[in-house]
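Asker: Listed below are the residues making up each chain.
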Amino acid sequence: MPVFNQSRQNFIRLIFGATFLIIVVRLFVLQVVSDKYKMLALDNAVYRKVVYPDRGIIFDRNGKAILNNTIIYDLTVTPYEVKKVDTTFLCKLLGIDSTEFRERIISAIIKNGRYRPSVFEGLLSLELQARLEENIWRFPGFTLIERPIRNYLFNAGAHLLGDIGEVDTAIIRRSNYFYQMGDFVGRSGLEQYYESVLMGKRGVQNLIKDNRNRLQGSWEKGKYDTAAVAGRNLYTYLDIELQQLAEKLMAGKVGSVVALDPQTGGILAMVSGPSFNPNDLTGSARRAKYASLVLDVSAPLMNRATRGLYEPGSTFKPMGGLIALDMGVITANYGVSCSGAYYGCAKPIRCEHSNPGHAANVRLALANSCNSYFSQIYRLSVDNNKDRNVKRGYTHWKDYMNAFGWGQRLGVDLPNELPGNIPDTTEYNKDYRGSWNSCTNVTLGIGQDKMQVTPLQLANAMCIIANKGFYYTPHFVEKIENETAKDTLLNKFRGKHEALTHISDQDYEAIHAGMQDVVESGTARSARIPGINICAKTGTSEKYTILDGKRIKLPNNSMFVCFAPRENPKIAIAVAVENAGFGSTWAAPIASFLIEKYLTDSIRTERMKEVERISNTNLMPSYLRRKQFVADSTRAYFYFNLRKDSSYIRKYLRGYTHNESTPVKKATPRREESGYVNDDKQFKNLAAR
Amino acid sequence: MSTHVGITKSIDGLLLWLYILLCITGIVSIFAATYNEGDDILNSFLSFRTDYGKQLIFFVFSIIIGVVILLTDSKFFTATANLWYVAGIILLLLVFPFHSNIKGTESIIKFGNAFQLQPIQLCIVFTNLALSKYISRTETDFTKLRSQLIAAAIVVAPAVLAIFQKETGLALVYFSFFLVMFREGLPAIVLVIGFSFAILVVATLLLEPNVLALILTGIAMITAYFMRKQIRRHKSVLFWIIAIWAVCVGIQRFAVPFIFDHVLQPYQVKRIYDTLGKDYVPKDAAAIADIEKNATQKKDDGNYNVKQSKIAIGSGGLLGKGLLKGTQTRYAFVPEQRTDFIFCTIGEAFGFVGSIVFISFYVIFLFRIIVIAERQRSTFSRCYAYGVASVLFFHITINLCMTMGLAPVIGIPLPFVSYGGLSLITFSAMVFILLRLDKDRQMVLR
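Those protein sequences? They're chains V and Z, same order as listed. Using our numbering, the letters of the first sequence map in sequence onto residues 1 to 689. Using our numbering, the letters of the second sequence map in sequence onto residues 1 to 446.
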């Protein structure tokens with residue numbers, strides 16, 4: 001019998017052999033052919049920790065650091081290690097209750113898992129950090145972790161310096177996935193524009209982690225690690241003391257101040273009001289503060305120096321005069337007899353003066369800001385014989401305006417600059433179906449109609465006039481630390497623009513003389529500083545807004561442009577104060593203080609009182625309150641509809657007095673039972689307003 | 001035959017050395033899998049605290065048992081084979097009232113905290129002895145169906161008990177004894193049927209029921225077409241074709257769903273599905289709970305183990321990362337890596353070359369056992385040797401396939417290498433009994 005089955009041993013050997021062959025082939029595929037598993041193993045075990053370098057420091061023209069880095073602490077928690085924590089004490093320190101405590105632990109587990117730390121309370125205030133540090137031994141599993149933040153040393157320059165924030169998906173995509181989730185980038189101002197310089201170079205540490213993502217030390221002894229390179233510093237033209245003074249003067253006002261150095265195009269100060277303390281947005285109060293800033297209808301986050309659009313009004317007149325002089329349509333001695341209005345077109349244009357001879361020549365007309373004169377010379381420029389046709393004439397005139405940098409972006413080193421508006425002929429052709437003449441837009445001659453400029457453009461135009469034709473693109477940054485040929489960011493600021501040097505010196509002198517008279521004997525006498533020849537021009541432009549469906553007239557915008565000294569211009573300033581009245585009352589003194597501060601390094605003591613007076617005057621337009629109410633109640637109504645929570649709208653109901661003891665958030669009443677159904681109409685009216 | 005010879009006289013040296021080599025490989029692998037940075041290695045090895053220390057002690061203990069076995073008379077095993085088997089069955093039955101629930105199986109008896117006994121493991125040796133004894137009886141005529149059925153019953157009885165103890169993995173091991181019976185004259189058709197059944201089950205899981213039914217019908221019709229001459233001669237051929245077709249469709253339509261719904265645990269079903277790369281949708285809440293209960297880790301997504309194990313082995317590359325340098329095994333990405341998934345450590349540390357060397361130890365070991373089996377004069381020894389070969393073969397191949405994602409995770413250890421005292425002692429005892437029997441290969445044992 002056994003003999004009979006002897007051959008079967010070979011069959012069994014065959015089965016064994018075949019099976020092991022399959023195993024070997026599989027092993028070969030897994031280990032040698034496919035390298036997918038090697039990648040997966042690396043993925044599993046190696047944690048690429050990004051080491052963030054210090055961001056570059058920003059200095060002002062005197063070498064003072066105005067934006068550097070500091071450390072703030074986050075309280076982080078590793079849920080796995082939380083054992084025997086003095087919960088009540090911790091809750092008391094943080095000002096939360098135990099439910100909130102539990103919720104935060106749970107959300108930490110959801111976010112990063114049990115074994116990795118997640119932020120429990122971010123951006124601790126200094127006091128809280130000190131108290132926690134003292135008691136941290138009571139809270140196992142909790143640690144204080146450093147986080148570098150930006151420190152605005154002078155609490156100034158919020159708009160121009162900008163801030164940093166976490167990247168969003170759009171930025172990541174735009175950066176071609178250079179940035180990763182959780183990275184911080186400059187989100188506005190210089191921080192955004194010079195991001196590539198300030199950020200430095202990120203380093204990478206390869207760390208080993210285990211199956212629970214706990215870090216176990218460095219991988220391959222740090223062979224593939226790269227060191228972080230600190231960001232490079234920026235040296236700016238900014239004069240931080242001037243900036244502080246300007247911000248002080250603009251407190252409680254809507255508007256903007258821009259001060260330029262005409263000889264370099266460097267920005268000495270740039271203020272946008274209302275402003276905010278930039279340090280509020282870096283620390284523990286960020287979230288609350290940011291929300292209130294975003295929801296404020298006066299738009300404190302907007303940089304009005306580059307994004308605020310103003311009708312230049314009379315501040316345009318020096319340019320109007322220059323254009324007419326250069327075109328040859330008038331001479332410096334050309335005069336107009338004005339009797340209080342310009343009657344050359346169908347609708348008379350009022351002038352502030354009616355005494356004869358106040359517009360006997362360009363100089364007088366400028367000093368007295370004669371509307372008739374500048375309306376007349378605008379028409380003369382546009383209806384220029386050489387151009388034969390109003391449209392060609394207008395285009396010619398517009399070319400001059402563009403040369404002054406109006407109606408197009410200047411290219412300042414801040415993001416999101418607006419171009420303003422000098423309308424094209426196509427715009428008028430569209431509006432008037434092709435039939436229009438110099439009378440149609442005659443108010444362009446006195447800086448109105450559709451003309452809109454930013455304060456930066458106004459200040460830059462002053463630079464051109466002060467320099468008699470040339471300018472440098474306005475910019476903040478003078479040089480970058482360790483600048484190499486690869487840094488092309490600053491190249492465009494170093495080229496001189498000979499925009500209007502073809503206008504003759506005597507034309508400029510005539511305009512300068514008129515502008516000096518504005519200060520010496522004209523509308524801006526309040527700006528006079530003994531010993532300094534200031535050339536200036538005031539402006540007052542009308543302003544309307546739509547409130548509750550009605551167009552209402554607001555107080556005029558107070559505008560002022562100037563440069564000084566006349567002989568060797570060192571500073572050019574544009575000031576716009578919204579809804580403040582005449583240019584001479586608010587804008588002129590502000591500019592005057594800045595000139596005095598910049599040129600003499602201090603303000604005379606007798607004028608300090610005036611500085612304080614202006615600084616303490618609140619010129620916030622009263623209509624803002626109504627607008628704020630409309631915006632807030634509309635939003636409250638929106639959320640009431642969304643969440644069916646009546647507490648959102650309670651305080652906006654007529655006759656409702658806010659009771660402190662009422663809990664802000666209550667259990668949501670069902671809509672049908674809430675009793676608010678009948679009030680729907682009221683809310684709709686509220687929202688519609 | 002001289003009865004009082006030295007203990008090492010005429011022992012199969014190759015087998016013994018391979019055995020020792022494999023055991024040492026096992027201890028080193030367990031060391032690599034569980035060693036923590038900064039441990040005092042010498043101390044840990046000598047103390048009973050770490051797993052590799054324990055394994056070393058188990059190994060020493062196995063050697064002692066081996067020496068005892070080598071010192072006994074070879075007739076002792078034939079004489080007491082049935083006794084051992086009965087004792088094993090009684091132990092298995094004792095499990096039912098006294099078992100403790102560990103890792104989802106109900107097959108373990110716990111004595112205190114330190115010592116656990118899984119009778120179903122021990123029973124493999126006893127069953128092997130009993131089967132050999134039965135086949136080698138002079139009155140057994142293995143060509144008779146009755147003898148074959150009795151032999152099958154000896155083998156299947158512990159397996160059935162094991163299934164009742166929710167230890168399907170080890171139950172399957174018992175079916176490897178059919179290889180022994182095949183060697184002793186079991187008709188080949190049994191293996192063919194068994195194999196076809198397995199293919200049919202896999203096909204049922206992979207294909208839509210109707211598609212598979214159509215394919216089966218198609219195969220039946222093609223077969224009928226090619227055999228039309230035979231059918232014309234004997235009508236019964238057609239009958240057989242139809243009968244086989246009906247059985248196949250029946251299995252595919254009713255038997256397989258029945259087994260998966262009522263016999264196997266939901267987590268086992270899920271593991272089988274995972275191996276085939278299909279998604280298993282649990283039927284009810286109880287099934288989901290069962291799957292979760294048997295998940296080795298919280299983040300277990302079914303084949304987490306297998307995925308991590310494949311990554312570990314695959315990342316070893318051609319030459320491996322070196323001992324204690326594999327990130328997968330060092331940082332505990334593979335669950336159960338000191339027991340069932342111990343091969344990951346070897347695969348990651350020593351790469352393809354090292355794995356081939358390691359596997360070749362086993363291959364040589366198995367083929368050597370077959371050589372030993374065929375040189376026995378007594379049927380008992382031959383059957384026993386084939387039993388050892390079959391059981392080891394099943395354990396090794398299924399375990400290796402499991403770690404490489406070729407077989408469902410049924411949780412059986414890698415012989416001599418996986419951590420576990422009882423499994424090491426059982427396999428050692430099996431090998432030493434074989435060595436003892438081989439010493440007396442010229443004797444005819446009954």
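Since the hints were made in silico from the structure, they are not lab data. Here the structure is a predicted model, which is why all the values come from computation and not from measurement. Worth double-checking, as some hints may not be accurate.
What the hints assert, rightly or not - Simulated crosslink set (DSSO-like; lysine-lysine; CA at most 30 Å straight-line):
#1 V:36 x Z:307
#2 V:221 x Z:325
#3 Z:110 x Z:144
#4 V:486 x V:223
#5 V:248 x V:223
#6 V:49 x Z:166
#7 V:36 x Z:9
#8 Z:166 x V:38
#9 V:38 x Z:278
#10 V:38 x V:221
#11 Z:278 x Z:54
#12 Z:325 x V:49
#13 V:36 x Z:325
#14 V:391 x V:347
#15 Z:110 x V:221
Asker: Hints first: check each against the structure and report whether it holds.
Answerer: Results of checking the hints against the structure:
A hinted pair counts as satisfied when its Cα atoms are at most 30 Å apart, and residue 36 (chain V) with residue 307 (chain Z) qualifies at roughly 12 Å. The straight-line distance between the Cα atoms of residue 221 (chain V) and residue 325 (chain Z) is roughly 12 Å, inside the 30 Å bound, and the hint therefore holds. As the CA atoms of residue 110 (chain Z) and residue 144 (chain Z) are separated by approximately 42 Å, the hinted pair breaks the 30 Å bound. Distance check on the hinted pair: residue 486 (chain V) and residue 223 (chain V) sit about 29 Å apart at the alpha-carbon level, within 30 Å; holds.
Only pairs whose Cα atoms come within 30 Å are accepted, and residue 248 (chain V) paired with residue 223 (chain V) is rejected, the gap being roughly 54 Å. Distance check on the hinted pair: residue 49 (chain V) and residue 166 (chain Z) sit about 46 Å apart at the alpha-carbon level, beyond 30 Å; violated. Proximity of residue 36 (chain V) to residue 9 (chain Z) is assessed by CA-CA distance (about 52 Å); at most 30 Å being required, the pair is judged violated. Taken as a hint, the residue 166 (chain Z) and residue 38 (chain V) pair is broken in the structure, with Cα atoms around 37 Å apart against an allowance of 30 Å.
The straight-line distance between the Cα atoms of residue 38 (chain V) and residue 278 (chain Z) is roughly 25 Å, inside the 30 Å bound, and the hint therefore holds. For a cut-off of 30 Å, the pair hint linking residue 38 (chain V) to residue 221 (chain V) stands: about 19 Å separates their Cα positions. At most 30 Å may separate the alpha-carbon atoms for a hinted pair to count; residue 278 (chain Z) and residue 54 (chain Z) exceed this at roughly 39 Å. For the proposed pair residue 325 (chain Z) and residue 49 (chain V), the alpha carbon gap of about 21 Å is at most 30 Å, so the pair holds.
Pair hint residue 36 (chain V) plus residue 325 (chain Z) holds up; C-alpha atoms about 19 Å apart against a cutoff of 30 Å. Our distance criterion of 30 Å between C-alpha atoms is met by residue 391 (chain V) and residue 347 (chain V), whose separation comes to about 21 Å. Using a Cα cut-off of 30 Å, the hinted pair residue 110 (chain Z) and residue 221 (chain V) is violated, with the two alpha carbons roughly 46 Å apart.
In this structure, the earlier hints numbered 3, 5, 6, 7, 8, 11, 15 are contradicted, and the remaining ones agree with it.
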